[in-house]
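Colleague: This is what each chain is made of:
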Amino acid sequence: MTRFLFVALLGWTSSTVATAADPKKMEWTVGDVKREALVYIPEKADKEAAPVVFAFHGHGGTMKYAATKFAYHKQWPEAICVYMQGLNTVSKTDPKGEKPGWQNIAGSNEDRDLKFFDDVIKATRHGRSLSVCNAVLPCGNAMRFHRKGTQNGYDHEI
Amino acid sequence: MLGTRWVAELPVIRGIHWSGFWRGFPGVAVASPTTLVRSGKRAWAVAPVQMLTINELQDTGANTLAHSSLFERLRVLNIERYYAIRDGAVLLRILLRSRHAVGLRRLSFIDSNLNEDAVTAIVNSPHLTGLEWLNSGRSEFQDQHAEVLLNSPTFTNLRSGIFRSPQLSDVMKKRLKERFPTATV
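Each protein sequence line maps, in turn, to chains H and P. Position 53, counted from 1, in the first sequence is what numbering that gives the first Met the number 0 calls 52; the numbers after and before it change by one each time, with no gaps. Position 3, counted from 1, in the second sequence is what numbering that gives the first Met the number 0 calls 2; the numbers after and before it change by one each time, with no gaps.
Be careful, since some hints might not be right.
Below are the DSSO-like pairs computed for lysine-lysine, each with C-alpha atoms no more than 30 Å apart in a straight line [what the hints assert, rightly or not]:
| id | chain 1 | residue 1 | chain 2 | residue 2 |
| --- | --- | --- | --- | --- |
| 1 | H | Lys114 | H | Lys95 |
| 2 | H | Lys24 | P | Lys40 |
| 3 | H | Lys68 | P | Lys40 |
| 4 | P | Lys173 | H | Lys46 |
| 5 | P | Lys40 | H | Lys121 |
| 6 | H | Lys73 | P | Lys40 |
| 7 | H | Lys33 | H | Lys121 |
| 8 | H | Lys23 | P | Lys40 |
| 9 | H | Lys68 | H | Lys114 |
| 10 | H | Lys43 | H | Lys24 |
| 11 | H | Lys43 | P | Lys40 |
| 12 | H | Lys63 | H | Lys91 |
| 13 | H | Lys98 | H | Lys63 |
| 14 | H | Lys63 | H | Lys121 |
These are computed hints drawn from the structure, not numbers from a lab.
Kindly produce the complete structure, drawing on both the sequences and the hints.
Modeller: Given below as structure tokens:
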């Protein structure tokens, strides 16, 4: 099973991202698909290493809702906070895949969300590992630390 | 399991013991909150500390925390082994009269003993407006204090807690239970 290194202390280097008090929308092209995330960048992140938090909305949710509801950037303004937007995904509760969600296991959906996650991580440098775990769903244990109630979406801090 | 791993990977900061989790974030225990305030930058660089356990509340610690903006980031404050008669209720007054106490959601006294002055310091705090849960521990919690919890606009967010006291009347215990059905009275 594919395992991913979650990088926790990272220096953000993208010069295209303005420092902001609120999360700003960023776009990535992953394969042929445009992906979006709301990203909060602390003021000092360009000068010193900052922790990174990824928050995943639940099935049918949105990055905007996650940013508002979880609001990790308010609870931990020292951290870079990334609220990624999922794509329409087939699930048990959504067999037609009409609502946004996440691949639920490595290898499914052509690993589109893992690739997206990787691309977001690539936007950083000076990383050093804090923990190793599977990205996306297999890391879902961490959701217990935050909130319950999400189904195919998981929020976990790194 | 991931929680254990996370805590294991947190750096050693002298005087700070990583202890438990509050809504997904590691908490800390300190002998004196002065330690936390001094090391605040290092602690918050690796975790958004929202839960603090104070093992020994003393004058310096109470003053330091009361004047620190880091206090405002705390949601849970556990105070252990605080004996108001021995340590003085003034420490609690200092702490809870701080405008930075406004972020607290849970306040708990563990292995502590609050005299009347100490309980008064809690219910007279104008800044506990976000408090949702209160454990007054062993205390001289009296009807007049309970009356404040029931009626003061400061405590409109209070939902439950532990209000054990031999000095509470049966009538007041009943009223407390009516208002806070899940509370231990």
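Colleague: Sort out whether lysine 40(P) lies within 30 Å of lysine 73(H), counting only the CA atoms.
Modeller: holds (16 Å)
Colleague: Measure nothing beyond the straight line between the CA atoms of lysine 114(H) and lysine 95(H); if it is 30 Å or shorter, mark the hint as holding.
Modeller: Holds - the C-alpha atoms of lysine 95(H) and lysine 114(H) are around 23 Å apart, at most 30 Å.
Colleague: Straight-line Cα separation of lysine 173(P) and lysine 46(H) no greater than 30 Å?
Modeller: violated (58 Å)
Colleague: Sort out whether lysine 114(H) lies within 30 Å of lysine 68(H), counting only the CA atoms.
Modeller: holds (25 Å)
Colleague: Is lysine 63(H) within 30 Å of lysine 121(H), Cα to Cα?
Modeller: Given pair lysine 63(H), lysine 121(H) holds - Cα atoms ~22 Å apart, limit 30 Å.
Colleague: Can the restraint linking lysine 63(H) and lysine 91(H) be considered satisfied, given a maximum Cα separation of 30 Å?
Modeller: holds (24 Å)
Colleague: Does the structure keep lysine 68(H) and lysine 40(P) at a Cα separation of 30 Å or less?
Modeller: Given that 30 Å is the threshold and the Cα spacing comes to 26 Å, the pair holds.
Colleague: Would you mind confirming whether the straight-line C-alpha gap from lysine 33(H) to lysine 121(H) stays at or under 30 Å?
Modeller: holds (16 Å)
Colleague: Need the status of pair lysine 43(H), lysine 24(H): alpha-carbon distance at most 30 Å?
Modeller: This hinted pair holds, its Cα atoms lying about 19 Å apart.
Colleague: Would you check the hint for lysine 23(H) and lysine 40(P), treating anything up to 30 Å between C-alpha atoms as holding?
Modeller: With a Cα-Cα distance of about 25 Å, the restraint between lysine 23(H) and lysine 40(P) holds, given a limit of 30 Å.
Colleague: Straight-line Cα separation of lysine 98(H) and lysine 63(H) no greater than 30 Å?
Modeller: Since the Cα atoms of lysine 98(H) and lysine 63(H) sit roughly 15 Å apart, the hinted pair holds (cutoff 30 Å).
Colleague: If you draw a straight line from the CA of lysine 24(H) to the CA of lysine 40(P), is it 30 Å or shorter?
Modeller: Cα-Cα ~28 Å, so holds.
This entry does not satisfy hint 4, going by the numbered hints stated previously; all others are met.
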